[in-house]
Structure formats: C-alpha cells, structure tokens
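Protein chains: 2
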Amino acid sequence: MNFSDIQQAHERIAPYIHRTPVLTSSSINAMAGCELHFKCENFQKIGAFKIRGGMNAALSLTAAELERGLATHSSGNHAQAIAYAARILGVKAYIVMPENSPSVKINAVKGYGAEVTFCAPNQVARESALREILDRTGAAFVHPYDDERVITGQATCAKELIEDAGPFDAVIAPVGGGGLMSGTCLATRALLPEARIYAGEPEGASDAWHSLRAGKVEKAPYVDTIADGLLTTLSERTFGIISSHVADVLLVSEDEIKAALRLVYERMKIVVEPSCVVPLAAILRNKPLFEGQKVGLILTGGNVDLGRLAQYY
Amino acid sequence: MNFSDIQQAHERIAPYIHRTPVLTSSSINAMAGCELHFKCENFQKIGAFKIRGGMNAALSLTAAELERGLATHSSGNHAQAIAYAARILGVKAYIVMPENSPSVKINAVKGYGAEVTFCAPNQVARESALREILDRTGAAFVHPYDDERVITGQATCAKELIEDAGPFDAVIAPVGGGGLMSGTCLATRALLPEARIYAGEPEGASDAWHSLRAGKVEKAPYVDTIADGLLTTLSERTFGIISSHVADVLLVSEDEIKAALRLVYERMKIVVEPSCVVPLAAILRNKPLFEGQKVGLILTGGNVDLGRLAQYY
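Protein chains in written order, with the numbering used here: chain G, 237 to 549; chain H, 237 to 549.
Rather than coming from a laboratory, the hints here were simulated on the basis of the structure. This structure is a prediction, so every number in the text was calculated from the model and none was measured. Be a bit skeptical, because a hint or two may be false.
Chain copies aren't distinguished; within one or between two, either way the pair holds.
Each computed DSSO-like pair below joins lysine-lysine, with the alpha-carbon atoms no more than 27 Å apart [said to hold, decoys possible]:
hint: 1; residue 1: LYS346; residue 2: LYS494
hint: 2; residue 1: LYS341; residue 2: LYS494
hint: 3; residue 1: LYS523; residue 2: LYS494
hint: 4; residue 1: LYS530; residue 2: LYS341
hint: 5; residue 1: LYS328; residue 2: LYS452
hint: 6; residue 1: LYS494; residue 2: LYS328
hint: 7; residue 1: LYS346; residue 2: LYS328
hint: 8; residue 1: LYS494; residue 2: LYS530
hint: 9; residue 1: LYS494; residue 2: LYS452
Whenever a hint applies, use it, and build me the whole structure from the sequences.
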C-alpha cells in the first residue's frame, strides 16, 4: 500500500461519503495546553468512519463479484458500513452477528436491508456461520480491519484531516483492530513525514501497547472497557504497519475516558462514542508530550445509546 | 426597531460571537417531508444564542455606564451570557439567581467570574435583590428578553440563518419570553417579506398560544415542561412584535419534545437542550403545513445535563 492507493480510494469513495468537518474548542485547548483539531467522523454516513473502508472494499470488487453481495461478521459500526454500502450499490449484504448483540445495533443493520445471521457469541461460531454464507452465496467477505482495501479506505480520514487543517506536529487516533490506525499511519507518513503518530488505547484492551513492547502481536492481559469499539486485537498486518510508524501507544484508564467524554459533550456539544475520546484522554494524561503543539485527532463515531452513556456521567 | 438596528447590532457583536453553522439531515428531511436547515446555536459562545442579545446590550452602553458593570436576574443561559460579556469587556457582572438553581448553572456563572447573589425562588425576592444591587453598584440592568438591545441582538441569529442558507418558505423558532422570537420576526420579515414565521411552544408553557388567541398577554394555564428554557412569559413588547408577524404558535406535547430530542441526538449527533427541539417537534406534528417546503429552524442551545437528559430517553 502506498499513497497513490489512498488517493485512488479517496476518489472512489468521495461520491458516497461526507467530507466531515474539523472542529476546535478553545476551552479544551486551554486545558490540554496545545492546539487540537478534531476530525468529526461522528457526522459521517452511518455515524462512523467505517463506511470509508467498507465502501472502498465494495467499490474495489469487479462487477461480477459485487453482484454476489457483501458479507462480514461484526456487531459494531463495520456491520452498518457493509450493510449501507450494499444498499447504496444495490446488492445484498449478509451480516453475521452474535446472538447477544444489542437490539439497537441489529435494527440499524436490518434497517439498511441486510440479511442478519445470528451465531453463538464466540469466534468459532462466527467463522463457521460466515463460511456457510460465503459457500452458499459467493458473497465477497470484507474483514473489519485485516484487509488492504479497508485500510486504504480508513486512511482517507487522516488525509482529509491533514489537507483541511494541517500541518500537524502530531496525529493521534484510537486503536482497536488497527484498521483506522494503520490507515492513519500511512496517510500521515506520506503527507507529514516529520509528524509524530500516536495511538490511544484503553488500559482495559491494551493489546497494541503490549504488542509494541513485545515486538509481536500479543493479546491484552484483560479486556474490560466502555470503549466498546476498541475490543478487537491487532492482526499481523495492522501490527506491522503500526509498529513501523507510531511513536507510542498511549494508555488511558476508564475514568480518564469518562472525563474526556464529558468534556466533548459539554464543551463541543457533539455526540460521540466512548471509543472516540480515547485519544483526547491520552493527550490530557500526557500533556508534556504535546505542549504548545498543533495536533490532529480523529473522533471516530457517534453511535451510542444515550441512556447507557448517562451511566458514565 | 428596524433592520438597520439589527445590522448595527450584528456589526457590534460579530467580533465576539461565532457565526454558527447551518446543518441539514437527509434522514430527518425524509421523515418531515420538507427541507430543514438547522441554525446550530448550541455551538455558540456559552453554548446558546443568548450571548448575542447580552453582548449587544453591553456594547450599546456608554463607556461610563459599562464601567459600573452589568446586572441581571436569571438561572439560565442569559445569566451566563451576561457573565461572559462582562468578563470579555473587563467589567463586573452581578447575577441574581434563585437559591434552588442547579449547582452546574451556578458554577458556570461563577466560572465566568460573576458575583452571584442568591434569593428566594419567587419574583418579589428576585426583583428586590436586583434593586438592591442596582442601587449599590450603579450597574446596568439587562433584562433577559424585554429589552430592545437584547431583541435586536437575538435577531442576528435569524439574519445569519437566512444569509447563509436562505431563502426559506418558513422560519420557526421556540418561544419563551419572546426575545429570540421577536428578533426572528424582525429579521425574517425584513429579509424575506413573503416567508411564514412560526413559533414553537410546549403545551406545558402555552402562554404565547393563549396570548395570540386572546389578543393580549395571557398566562399559561399550567406550567410543566422539560423545555426549561421556555418557562418565561411574553412581555407586552414581545407580544406586540410576535402577534404582528407570526402565522401561528404551534404547540407540542412532552412526548413529542422527547421524540424530537432523540432524533436530533441520533441523526444529527449534536448535543441540544430540550427547548431547542420544540420547533422540530412542531413541524413533525404539522407536516402538511411544511410539505415540500424549505424551512429554517433555530436550535437555540446545548447547555444540558446529560444525566438528566437520559431520563427522557
């Protein structure tokens, strides 16, 4: 993957996505001691950046492949991205979801017209359900993050951020499975060779932090965080990209996530998911690293149940 | 008050306020059956449009008057507006607040450096506390809405909305004491002589609806609504302006307010106060009035306790 792949992805998906705004907050800047530029993917189609990768993967298929539909396993924003991309392109979407998924997410995916297959909430059941669908339908599988088409699609987010508000001294995004983070690394390194790149990660899902230190993919020692978009684990592919480019993975506690969430709601007046604010929490915990600098952050999405959110408040 | 007063107010306050964005939502348009343009004053300084009127009143004072400070009584966004205006202009602010005001609002006002005087939660105590302050300090009283300087300041909001996204077939704003609504009438009538102007009002604070029908200022038969920015009653001045210009006052129920609130959070991903969404609720209740039309709405502010909001969810 090189920058021309990202440029092509951007041209491919531009008609289907929003060029989301970059917002600033003088009061948050005053607290952080640096100049923060927030790329607001909560305003993106489907309410999250995931449509970039999903749409790029779909548009990279041949007409014959696309005609057989799209398939994935996900209980989160990637499921919505694939369902939405399929609807826009007029093909079928087959989504495998754990049977204990929240009904609000199931309804969102069904609302886009996708065919949902439920499975037991474990990896084996998920993969076998997906395999059965692929064999039966010939649909194209789009992995949530371990896929070059997805990574170059997600890279368009940092590309827009840098084009619209850069240059930056540092760029930071959250890391889960590493699709967005890998794309952020590739776009930032191409456009701003000198900028430092950071990943923000919850202490309660710290596989990237451990992997970076071990020099190989490692699991998190425990998984427990309200940042439910970041529960997944790096793949060899995303680990390879991220470990080559990031200055560090910065960990944050649950209380720091909640405090950052309150800040974004109260000061910026926008609706964001807990996963979103992990980079802001990381900056507030590591102020000397960013002091006086111009920093680009990606706010990844806004698909959150407000009733649940109030519990963190 | 004529349009040149509004233009002068706009020039006066422009250096101190945000020209807030006008957002649209294709999914809400599909539900409403018309094309809605939301003026997002939740992104305004202090989180609400009230800074427009407060700042215009402050900047209309002579240097000698201003030096003695600003005073008002309010437990809401107007208190923050006066406190913020005073801080920006380097003078003192004296705010009378009911002793049962939420601590979050008291802290916001104190955070801007204002001197807060508590009073018993009734009109007599409030006015006597204010009178004592005015006598002692010589500060300038800025009424929350019954003041031409405040009304022309609030009028700049509809002026921006029309300049940035107009023309419109109809313009709608919420009505409480009528400062914003009066300003909206004056600006809209000047810029769009043919446009229909509506006020949205909760059934549980329906003084404007009853006043319009009675042809004189009337109290609401009962007051009980989550739209806590709309509890106040029209003055003779605001009634005179509003009754001359609005096509109608459209009432909405509490359930309709809650449903509109959910829509704005889920579809637009922005944080707004319950009072904000009364116009949207009114449109959804009266779809035939707006069918196929282009409509400008004012979202008035975003100062809301999310914990409390979740109760409406």
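How the hints compare with the structure:
Proximity of LYS346 to LYS494 under the C-alpha cut-off of 27 Å is restricted to the inter-copy arrangement: shortest distance 24 Å between copies versus 30 Å within a copy. Taking the shortest alpha-carbon separations for LYS341 and LYS494, both the intra-copy value of 22 Å and the inter-copy value of 21 Å come in at or below 27 Å. In this assembly of identical chains, the alpha carbons of LYS523 and LYS494 lie at most 27 Å apart only when taken from the same copy (18 Å versus 39 Å across copies). In this assembly of identical chains, the alpha carbons of LYS530 and LYS341 never lie at most 27 Å apart, being 36 Å within a copy and 32 Å across copies at closest.
Within a single copy, LYS328 and LYS452 get their C-alpha atoms no closer than 37 Å, and across copies no closer than 60 Å, so neither meets the 27 Å cut-off. In this assembly of identical chains, LYS494 and LYS328 lie within 27 Å of each other by CA distance neither inside one copy nor across copies; the values are 38 Å within and 35 Å between. Proximity of LYS346 to LYS328 under the C-alpha cut-off of 27 Å is restricted to the intra-copy arrangement: shortest distance 12 Å within a copy versus 57 Å between copies. Taking CA atoms no more than 27 Å apart as the test, LYS494 paired with LYS530 passes inside one copy only; the shortest distance there is 24 Å, against 39 Å between copies.
In the homo-oligomer, the alpha carbons of LYS494 and LYS452 never lie at most 27 Å apart, since the shortest distance is 30 Å inside one protomer and 50 Å across protomers.
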